[in-house]
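Chemist: The sequence shown begins at 1 in the UniProt record's numbering and counts up by one.
Keep in mind that the hints are not guaranteed to be accurate.
Unchecked claim - Simulated restraints on C-beta separations:
#1 291 / 271: 26 to 32 angstroms
#2 118 / 52: 25 to 31 angstroms
#3 202 / 170: 42 to 48 angstroms
#4 70 / 40: 47 to 53 angstroms
#5 118 / 70: 18 to 24 angstroms
#6 64 / 19: 57 to 63 angstroms
#7 3 / 70: 46 to 52 angstroms
#8 167 / 6: 24 to 30 angstroms
#9 112 / 167: 20 to 26 angstroms
#10 161 / 191: 42 to 48 angstroms
#11 257 / 291: 55 to 61 angstroms
Unchecked claim - Under the rule of at most 30 angstroms between Cα atoms (straight-line distance), these lysine-lysine pairs were calculated in the DSSO-like manner:
#12 138 / 128
#13 58 / 5
#14 76 / 58
#15 5 / 76
#16 128 / 76
#17 128 / 58
In short, the hints are calculated from the structure, not lab data. Quick reminder that beta carbons are idealized off the backbone N, C-alpha and C, glycines included.
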Amino acid sequence: MLGYKVPAPDEAMLISGGRAKSNAPFRVVTGHGAFILPIFRKARFLTLAMCEAEVAEKCVTQQGITLNVRSVIAFKVGNDNESIISAAQRFLSDQDQMAVLTGRIFAGHLRSIIGSMTVEQIIRERQKLATEVLDGSKEEMARIGLTVDALQIQSIDDDGLGYITAMSAPHNAAIQQMAQIAQAQANQKSAEAEQESQRQQAEFARQTAVVKAQYKAEVDKAQAEAAQAGPLAEAEAQREVLAMRTELAQRAAELRQQELVAEVVKPAEAEAERVRILAVADAEKMKILAEAAASHNRVALDKALIDQLPQIVEKAAIGLSNSNLTVLNGAEGLGQVAAGLVSQGMAIFDALRGEVIDYEDQDGPGFSGTAGAEPPSH
1 MLGYKVPAPD EAMLISGGRA KSNAPFRVVT GHGAFILPIF RKARFLTLAM CEAEVAEKCV
61 TQQGITLNVR SVIAFKVGND NESIISAAQR FLSDQDQMAV LTGRIFAGHL RSIIGSMTVE
121 QIIRERQKLA TEVLDGSKEE MARIGLTVDA LQIQSIDDDG LGYITAMSAP HNAAIQQMAQ
181 IAQAQANQKS AEAEQESQRQ QAEFARQTAV VKAQYKAEVD KAQAEAAQAG PLAEAEAQRE
241 VLAMRTELAQ RAAELRQQEL VAEVVKPAEA EAERVRILAV ADAEKMKILA EAAASHNRVA
301 LDKALIDQLP QIVEKAAIGL SNSNLTVLNG AEGLGQVAAG LVSQGMAIFD ALRGEVIDYE
361 DQDGPGFSGT AGAEPPSH
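Hey, can you work out the whole structure from these sequences and the hints?
Modeler: Okay, here's the thing in structure tokens:
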């Protein structure tokens with residue numbers, strides 16, 4: 001807006017040309033803007049930012065020793081209207097003069113305070129020096145509207161005189177001695193650590209050797225056991241093979257024995273039983289013939305033969321059952337055995353009849369034997 005101006009946050013706007021309050025030569029505006037009437041009012045700006053001034057001064061101590069002192073002062077215009085008015089009246093037209101004037105003020109106070117102190121005090125109590133300089137310059141800086149935020153002593157030297165160096169010699173010697181002692185202690189600890197390390201290494205080597213020896217002994221033992229286990233295992237395997245072969249041979253012998261019993265013994269027993277049955281049949285035949293001859297009755301003979309035939313077959317069957325005969329072909333074989341028994345019975349019957357007929361033919365038709373008569377012996 002035309003005629004309206006606003007100062008920066010770190011500036012103070014000074015408006016002149018009108019009547020100010022409190023009989024001030026101008027009106028101070030900070031933090032907000034103001035309308036400036038052209039031609040009748042004039043606005044100027046004063047910095048409120050932090051400024052810096054460096055001081056490099058030769059100062060003579062209480063002992064008459066010249067010291068070069070370098071320091072830095074941080075200052076600014078005070079925030080109150082009175083400080084702003086004081087600073088504006090002095091530095092508004094040339095604000096760089098604030099740093100120059102501040103340096104000179106501090107240089108004077110620095111020379112004055114160092115002159116009342118010894119080198120030892122200055123070196124050892126540098127902060128005390130800075131505090132005394134600040135306290136001495138505070139009132140004077142306030143009159144020109146400035147405030148000091150900090151004072152830093154950067155360096156102090158005796159311009160090559162050697163006083164400060166000589167002053168520090170005992171300390172340096174003590175420090176050197178302490179450093180040597182510390183170095184010796186460090187060397188001793190290092191040597192002890194080295195000895196301990198060597199001892200531990202030797203102990204480790206000894207333990208390693210023991211472990212290796214034990215390991216080698218165990219390996220040798222395992223190898224020996226393995227070497228012995230080979231023949232033992234082979235012998236055990238051979239023994240098991242022999243045992244299995246023996247068992248197989250026994251089983252083969254038992255099987256062969258069973259086969260021999262089935263092939264030789266059983267058939268022989270069956271044949272013997274068959275012969276025995278035939279012998280019994282022959283005896284029965286002779287008995288029948290004798291009975292027939294005694295009765296001279298053909299019909300009675302046939303009837304007797306027929307009556308005796310089931311008994312003959314039955315006895316033959318009983319004989320076969322007691323002969324432990326093995327029937328190898330199941331039901332068919334059993335049928336064959338039964339058919340054989342019947343056939344043998346019929347054969348015996350026919351043979352008996354034939355014998356009777358022959359006997360009658362030999363004795364003639366007139367033979368009529370009586371009861372109780374004995375047949376002729378054959």
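Chemist: State for each hint whether it applies.
Modeler: We went through each hint and held it up to the structure:
| no. | hint | verdict |
| --- | --- | --- |
| 1 | 291 / 271: 26 to 32 angstroms | holds, 30 angstroms |
| 2 | 118 / 52: 25 to 31 angstroms | holds, 30 angstroms |
| 3 | 202 / 170: 42 to 48 angstroms | holds, 47 angstroms |
| 4 | 70 / 40: 47 to 53 angstroms | holds, 50 angstroms |
| 5 | 118 / 70: 18 to 24 angstroms | holds, 20 angstroms |
| 6 | 64 / 19: 57 to 63 angstroms | holds, 58 angstroms |
| 7 | 3 / 70: 46 to 52 angstroms | holds, 49 angstroms |
| 8 | 167 / 6: 24 to 30 angstroms | violated, 58 angstroms |
| 9 | 112 / 167: 20 to 26 angstroms | holds, 23 angstroms |
| 10 | 161 / 191: 42 to 48 angstroms | holds, 44 angstroms |
| 11 | 257 / 291: 55 to 61 angstroms | violated, 48 angstroms |
| 12 | 138 / 128 | holds, 15 angstroms |
| 13 | 58 / 5 | violated, 47 angstroms |
| 14 | 76 / 58 | holds, 26 angstroms |
| 15 | 5 / 76 | holds, 23 angstroms |
| 16 | 128 / 76 | holds, 23 angstroms |
| 17 | 128 / 58 | holds, 19 angstroms |
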